[in-house]
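**Student:** Go by the hints and put chains B, C and D onto chain A.
Residue numbers (our numbering), protein chains in the order written: chain A, 954 to 1376; chain B, 221 to 479; chain C, 15 to 113; chain D, 2 to 647.
One or more of the hints may lead you astray.
[Stated by the list, open to error] Label-pair restraints from in silico Cβ distances:
#1 A/Val-1072 with B/Gly-392: 55 to 65 Å
#2 B/Leu-327 with A/Leu-1144: 53 to 63 Å
#3 B/Thr-409 with A/Gln-1011: 44 to 54 Å
#4 D/Thr-620 with A/Ser-1206: 48 to 58 Å
#5 A/Leu-1144 with B/Gly-392: 18 to 28 Å
#6 B/Ala-347 with A/Leu-997: 23 to 33 Å
#7 B/Val-341 with A/Gly-1261: 18 to 28 Å
#8 A/Val-1334 with B/Ala-347: 18 to 28 Å
#9 B/Ala-347 with A/Ile-1265: 52 to 62 Å
#10 B/Trp-242 with A/Ser-1206: 29 to 39 Å
#11 A/Ile-1265 with B/Val-341: 37 to 47 Å
#12 B/Gly-392 with D/Ala-613: 49 to 59 Å
Worth flagging that the hints you see were computed from the coordinates, not collected in a lab.
Where is the CB? At the ideal position from N, CA and C, for every residue including glycine.
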Amino acid sequence: MSGGVLAATSSGGAHLGIFGQDPWWLIIIKTVVIFVFLMLTTILMIWAERRIIGRMQQRPGPNRVGPFGMAQGLADGVKLMLKEDLIPALVDKPLYILAPLVSTIPAFLSFAVIPVGPVVSIFGHRTPLQITDLPVAVLFILAMASIGVYGIVLAGWSSQSPYPLLGALRSAAQVISYEVAMGLSLAAVFLYAGSLSTSEIVTAQSKLWYALPLFPSFIMYLVSMIGETNRAPFDLPEAESELVAGFHTEYASIKFAMFFLAEYVNMTTVSALAVTLFLGGWHAPWPLSTFDHGVLNTGWWPVLWFLGKVFILLFGFIWLRGTLPRLRYDQFMALGWKVLIPASLVWIMIVAAFRELTNEGRTRLQTLIYVGIPLALVVLVASFFTEKSDDEPDDSLEPPSGGYPMPVLTDPEATATLEVSRD
Amino acid sequence: MTGLEVLAAHGATTTHEAVVFWFLAPVAVAGALGLVLVRSAVHAAVLLAVVMLSLAAFYTTEAAPFLAVVQVVVYTGAVLMLFLFVLMLVGVDSTDSLVETLRGQRLAAVALGLGFAVLLVAAIAGAISGFHPKGVGGAEAGKGNVVAIAELLFSRYVFAFEATSALLITAGLGAMVLTHREPTTPRLTQKERMLERVARGGSGMAPLPGPGVYADHDAVDTPALLPDGSIAPTSVPEYLQVSAARPHVEDVERELEGP
Amino acid sequence: MSVNYYLYLSALLFTIGAVGVLVRRNAIVVFMCIELMLNAVNLSLVTFARINGNLDGQIIAFFVMVVAAAEVVIGLAIIMSIFRARRSASVDDANLLKY
Amino acid sequence: MTLQAAAGYAAATGTFKLTFLLVLLPALSAAVLLLGGKRTNPWGHLLGCAAPIAAFVIGLVELLAITGRDGGQSRQLDQHLFSWVPVAGFHVNANLLLDPLSLVFVLLITGVGSLIHIYSIGYMEHDPDRRRFFGQLNLFIAAMLLLVLADNYLLLYVGWEGVGLASYLLIGFWSYKPSAAVAAKKAFLVNRVGDLGLSLAIMLMFATFGTVSFTGVFAGAHSPAAHGGTLTAIGLLLLLGACGKSAQAPLQSWLLDAMEGPTPVSALIHAATMVTAGVYLVARSGAIFNASPDARLLVQIVGATTLVMGAIIGCAYDDIKKVLAASTMSQIGYMMLAVGIGPGVYAIGILHLLTHGFFKANMFLGAGSVMHAMNDEVNMRRYGGLRKVMPWTFVTFGFGYLAIIGMFPFAGFFSKDKIIEAALDKGGASGYLLGSIALAGAALTAFYMTRLMIMTFFGQRRWARDAHPHESPRVMLVPMVLLAAGSLLAGFLLILGGSLQHFLTPSVGTSVEVGAHTIAPLILSLLTLAVALGGAAAAWLLVGRKPVPVEQPLNVSKLTWAARRSLYGDALNETVFMRPGQYLARALVFFDGRGVDGAVNGLAALVGGSSARARRSQTGFARSYALSMLAGAVAVTAALLLVRVG
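Next comes chain A alone, as it looks inside the complex (with noise of 0.2 Å):
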């Protein structure tokens, strides 16, 4: 609800007075394109999960509803939405009903903000392509995010058992530890564009792309992308071998349907806001961009350069998933707090430095021997600080022959049976 107040009543930006003019009917459009297109990106990522994954496990994958299984999404879908409604007897009914639409609904909300392309002419409109854009749109993405974790976590309660609770916990701390570390990345794309809102973020890399600049922010924002959407290699809410299936353990059907949707329409986004944030919006590609004095990024166009980098980046969430294992939750936690946000926060003052020196009018050399001293400094001063990580093994616990674990053979038989076979 607050959301869609939040769109209509944006205020402020210099830059924002194209957005907010567009007729009803041109809004509902717009609308209903977004989230069409998400449940479809939805339904193939479904499939193409199972088959990319399939293949790097070499097995087919689903190959029996359509071409190449390609309706294996619509089907799965389907049979969800006809399943029995099935409420656990115990559960907490307001909020168990309540979690999966908290959880669905911001995820759709926060595509709203992401721009799709530049202004275009619709039915005579010049309109981005763009439901509208905010002051604080990057920000919103991010509340929005921060509801989405509601439903996980009354998933997880309302569901009154074991399993869910810990994933509704793990999913928490995550989410919040995640969301910290997401913000400081971004912040450094804030300081180069110098605004929060998605199409003058976009605007702005016209002519570089944040990610090579920014390149730390830029990976920081990855890794915390895939802690915020709870992916392999950081799908601890849902761990299967430990949790069964997490937070939504005792969930069924259309409800289980609609976790599954926010989960995938959730990648999307942030992929969505990567490339927005990092990979230059809908800007062509640094060769196709110069073509014809910058023709492909008129019209368009820049639609297919943007979906192009959204499945490239959805691409990666499978690769990442069917080739790394599950963290363990002490390392993964470590990983956000004792690696990003320190990393984060040190980047920050290099970014802030930079951009203020810049502002002053130095050259890109003073600049570098400006920041880079002192930094140099700090880190030479700091490695007589750091202590030796200890990586002596213990003694103790050493197997004991030719390195190998043994066990103690105090079974007879069993010793019996290894020395025959030894012969």
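**Tutor:** Relative to the frame of chain A, chains B, C and D by itself:
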């Protein structure tokens, strides 16, 4: 820019704003009342979230979009999430009893609350009536809400800003100190645990089948069967074994042995 | 409608929060009621900013949020400690400090 | 009749600057002996003797110096030691006044005191605490000297209390004996009554005259502004003090019990010196009594009463020391009578005081010698026929005996005779009455002293089986002999040519020697002698002719019964003071417990109780506190609104 937003920036209220207010104000009041009245702490938290989101909406209509987003991110997203987190740590079933232990507390509280509300409303009515709101548009001077706030925050309020940041860091450290418990024994790493397990030998070395495997039942509290047909008690987590609502490991064992 | 309605709403929410502090026993819910009171105050601050035509009210509301966050962090840590020691989160159970 | 005292004193110069040593030497010695502990045991008694002897020598030197001053030179010398209480409007100096009166006392105290000290070396030889004994004796000497040398009432009061303390300590010297401890306590308490009178008198003096120095007070007493009633009150309070210290009726009861102390103590303190402090006080305060005939009359009455009472008591007791104590009471009664008669007779009182100091100390030492010989037996019924065993004691005691009964030419003759004469010369009915009483007292004195002599030294031996009487060692005999000599000669020497009266004139005024005598002196002297001989004869008739029963006979007259009980002095005390005192104390305790404490405790309980109730609001429930906070917020808001509206 919509007409609504322009007018809000100039202080006067519009029909749009009135619609938003009269729709969300009852929601906020109902949420607040629910917060006080519901027994379950988690329900209370959700209702408080409703109130906070309503307030965020009001902030947007009052030309404070930055504050609205901060409200959602900080209050709803962080503060209230922390509440929920602690609630779940403290106990899943934390409903208040309905019996009031302090005599006259409820009556006095409600009476005082009503009196206070009446006094406040009277005071506001007396102080504000006939006052024409100016709106923040002039103060923003065309720079937009975010920039205007940032400029104020880093100029006139910079010391307050630094002080609150120090306060926040202190609070974080304090919370860590308060909740930290020094482990009495060195914590075993995963590697050490595995080595110990191997050194111990026996049947625990190989991974056990997951719960429900080889079983005639698909519930997670059904213990696994070992290849020789006996059950593996460790395949069911302890907290499931003690749960009264489900069959115990011993019951399953008895069932398996049969008559 | 008049801007005053925001203030009336704020007063109402504040009062409800205050009554909640008085009648609820669960320390966490009491805490939530305090947050409700702070939120109510924030609403009036934002409204005052609008009435007076400057941004200071919004800034103060911003500071209130930060201070509230700090307060929540410490408060919840204390509640956790008390809960660990006493297995209870009721404010009535923590009544050793008396006559 | 003028007193030079009122005119102020000359500053002490030359020899007289040694005056302070009189007090300081015994005080130092006492300090050394009492604080020095056991280290001073071997030589403690020697030091203890040396101090009074040295003081005596100084006294003699000063006597020579003071007699060397003649004519225009003042014989009243004031030595300023230090400013004692320098408060605005109230200034007291620690000054020592050396005048004939105090010098006479100094010589008596140090002279007799030295002899008794020497005697004590022998008497206390076997006592483990002899050193302490000497220390306390020295303390007494110092205090007594301070008493008589003080030039103001406050310093006098210090000495007064000092001798009271020493008396208390020495009576209770053998405090392991319950009777000694009780006696010490009794003496102390009865003395407190007198001390209270003295202190009230001093306060009244200060209130009236604004000063407590002798000069100031006496000048005030002479000034026409002085109110007769106030002076009488001061005089009566002083008399009360004197009665307490001098064991005069009605505060006489402690003296008999005080005989529980060692005999030298009885001799020194309770016969020769301390008990005469009352006489000294009255004589010294002559200016006040001169101005108040009523007070004087009461002094006479007290003196006469005690005179007879003591004599009667003395007739009944079998305890040799108590007989002597009763005798002391009686003799001091004579002195009080004399000083009470007033102007012109003070010197005679002092004369009797001096002679009494000699012969009574002599007899006490003799009694001590007897007790020493008889295993501390004090009951005269267990004595008898000691004159052959202890000839020296007998002879010296006999001198004292003859002196006290007023036999010519022994000391008592001269002094007692003059008192009777003065009483008669007072004229009028009261003069005859007092004279008759004094004369009767002389007869009774002769009676009981003869009885004592007969029971102790004559007749058959009634000794206890284990008694082996023997003569005392020389260290005891020498003082006895010297005192016996004093008993024989003192009266004659002092009266010779009216020397003492003249000497004392600067202090107490001129003595009335010539004038209209009621009875011619010679006839009176003969009459007195006859009366004394009659008393002695009666004693011989009643006691000496038949064997003395070893056990006290029970079928005796009521008077005897009464006399054996000190004429019901204790009973009187008990009825008049102790019982009401106890009731008062109980009432006070009740009032204190229920009234004062009740009020205080009740108030405290009220506060405590209401606090405890108020404390209940501190429930520990945070929500209750929050409720009161909200109530406060409502109140503040309402107040603000009201102010705005108003």
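**Student:** Hints first: check each against the structure and report whether it holds.
**Tutor:** Quick rundown of the hints versus the structure:
Against the hinted window of 55 to 65 Å, the Cβ-Cβ separation of A/Val-1072 and B/Gly-392 comes to about 45 Å, which falls outside the hint. For the hinted restraint 53 to 63 Å between B/Leu-327 and A/Leu-1144, the CB-CB distance of approximately 56 Å keeps it satisfied. Distance hint check for B/Thr-409 and A/Gln-1011: the Cβ-Cβ separation is about 33 Å, which falls outside the suggested range of 44 to 54 Å. A C-beta distance of roughly 52 Å is found between D/Thr-620 and A/Ser-1206, which places it inside the suggested range of 48 to 58 Å.
Distance hint check: the CB atoms of A/Leu-1144 and B/Gly-392 are about 24 Å apart, consistent with the given range 18 to 28 Å. About 60 Å separates the C-beta atoms of B/Ala-347 and A/Leu-997, a value inconsistent with the hinted range of 23 to 33 Å. Remark: the range hint 18 to 28 Å for B/Val-341 to A/Gly-1261 is contradicted by a beta-carbon distance near 58 Å. In this structure the supplied range 18 to 28 Å is violated for A/Val-1334 paired with B/Ala-347, their Cβ-Cβ distance being about 58 Å.
Range check, B/Ala-347 to A/Ile-1265: about 59 Å between beta-carbon atoms, so the 52 to 62 Å window is met. Range check, B/Trp-242 to A/Ser-1206: Cβ separation about 37 Å, and the 29 to 39 Å hint holds. As the Cβ distance of A/Ile-1265 to B/Val-341 is approximately 58 Å, the hint placing it in 37 to 47 Å is violated. For B/Gly-392 and D/Ala-613, the hinted distance range of 49 to 59 Å is not satisfied, since their beta carbons lie about 44 Å from each other.
Hint violations for this structure: numbers 1, 3, 6, 7, 8, 11 and 12, all remaining hints satisfied.
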